[in-house]
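Colleague: If you want the building blocks of each chain, they are given just below.
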Amino acid sequence: MQHTEHSTALPADLPAVAVYGLEVVRGTHTVLEHVSFTVPRGCTVGLLGPSGCGKTTLLRCVVGVQQPDAGHVQVLGQAAGAWRLRTRVGYVTQAPSVYADLTVLENLRYFAAALGLRGWRREDAVVRVVKEVDLASYADRTVARLSGGQYSRVSLAVALLNEPDVLVMDEPTVGLDPMVRRELWTVFERLTARGTTLLISSHVMDEADRCDRLLLMRAGRLLASADRETLLKHTGCEDVEEAFLYLVRTAAAAEAQARQGPAVDCLLPQLLDQPGAPDAERAFFAADTLR
Amino acid sequence: MRDRLPFSPTITRATAVRVLQQISRDRGSTALLLGIPCMLMVLLKLMFHDAEPVFERVGPQVFGIFPVIVMYLVASVSTLRERTTGTAERLLTMPVRRLDVVLGYSLAFAVLALLQAVLSTLLAVGPLGLDIEGPAYLLMVIAMLGALLGLALGLLVSAFARNEFQAVQFLPAGVLPQFLMCGLFVPRDDMYGALSAVARLMPMTYAVQAAGEAATHDGVTGLFVRDSLLILGCVIAVLVASAATLKR
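Protein chains in written order, with the working numbering: chain A, 1 to 291; chain B, 1001 to 1248.
Since the hints were derived computationally from the structure, they do not count as laboratory data.
Treat the hints with caution; some may be incorrect.
As the list claims (entries may be wrong) - Which stretches of chain B does chain A cover? Using the computed rule of at least three CB atoms under 8 angstroms from a CB of chain A, they are:
id, segment
1, 1014-1027
2, 1082-1092
Unchecked claim - Some residues of chain A that are not near chain B, with every Cβ distance over 12 angstroms (derived):
id, residue
3, Val25
4, His34
5, Asp101
6, Tyr138
7, Gly148
Ideal Cβ positions, reconstructed from N, Cα and C, are used throughout, including at glycine.
Input sequences plus hints: build the corresponding full structure.
Modeller: Laid out in structure tokens, this is it:
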């Protein structure tokens, strides 16, 4: 697995998210297994993989609501979930987590208060996010009476209240129609332009085109962490979906081989190093997916 | 800033306001919450129409019982909803402490409990003609304490129940035994062996006993004060326990 040393790095050079040897076990089931990756600042990173592969658990570890059984997670140079990160990291859960029986404004005012905003700062933030996610004409409507897309935009608006440095979003575009999805991506692009680091999970592979870097996951393991071009070059595929399937096939084949024969050194880390590139921009591929 | 208080007054107040907003949005629930204890009082009066002394004994005692049950249900279901919709988790990724959430809920429900206590006391001493030796406001105090107790138990239970259905099932398991043994049906001293000792461990017992004190004595007695403090202590202990069970 990839190991990077950041002890000598200046705070500004710290990656937005750094995950080392992360492992989460639930009962006898291993949800995450040796997951390591870094997310450079200001990047839009797509976390892709089929449903149930551990994407949500990984994101929950990054925001600090899930305690890892092994390994550690650092966000902006601090342990995930640290008190000082609570206003710098935004989290949008998969199911919109806002109060359905309150209006859009009431929700936003409450969460703004929960983020420690007061007085005019609170009102300012509320007005800003309402415009940002384009909900001005529904501001006084009860959330339960909004459409699915509007509902999830309220949830997104809450995460934008304090202009977080890192925004973690769990399948924010899933189940939405193409129009709404495009609108959301324009919001995300505006955020990136402002310097926000986005970590977005999805099981829709065509969203990969909009990300700077990709994390491909399957069954609790990270198959690849690379930018799109490197991924396609490495796998020799035309698009990300094909590349993902290719990586899954080779990983499965390697697993089967490992079960039959004596254990080969398929767990040794192998990095596709780009000379001169800083650690965070390196590409990583699971050893058993390499040809 | 963080270490001065174990909770943030601003966030606690905002939480209380938000909970009250949610409840006021649901007109039906509010009406039931405030109306049910009154309806039960009327029912009690009709039941003991020909037995005025029984009403005089039982009437004050139920002030320590009904609010516990009503508040328990409302509190457990609404906090459970907070946990299941993911909003609790979201709050805990923000600079919100567990005590902020628990105290916010307590504050909001205490306001409702006060309304409920005032309404049912006015009804009982007014139109229903409940005659007690002590001042009428003591009944309000008991109703408030009972409501706080129910609220605290509801918050605690919502940590263990996985869904609303289970939370409701905890009512017959946790609250009804207290109801049976609190001294309403059988005086505590006449109870079989160890039951009397068990009853002494249940907080509702003290609410009912305090109500009896208020009904039979002129003014505030020492026993009333002791029982009230016992219930309050119990409420605080349960609230702290439920804050501790609110997981990140």
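Colleague: Please go over all the hints and tell whether each is borne out by the structure.
Modeller: Against the structure, the hints:
1. 1014-1027: Coverage by chain A holds here, the residue count being 8 at a Cβ distance below 8 angstroms.
2. 1082-1092: holds (count 7)
3. Val25: holds (17 angstroms)
4. His34: holds (24 angstroms)
5. Asp101: violated (5 angstroms)
6. Tyr138: Nearest chain B Cβ is 16 angstroms from A/Tyr138, so the label holds.
7. Gly148: Fine: 15 angstroms to the nearest Cβ keeps A/Gly148 off the interface.
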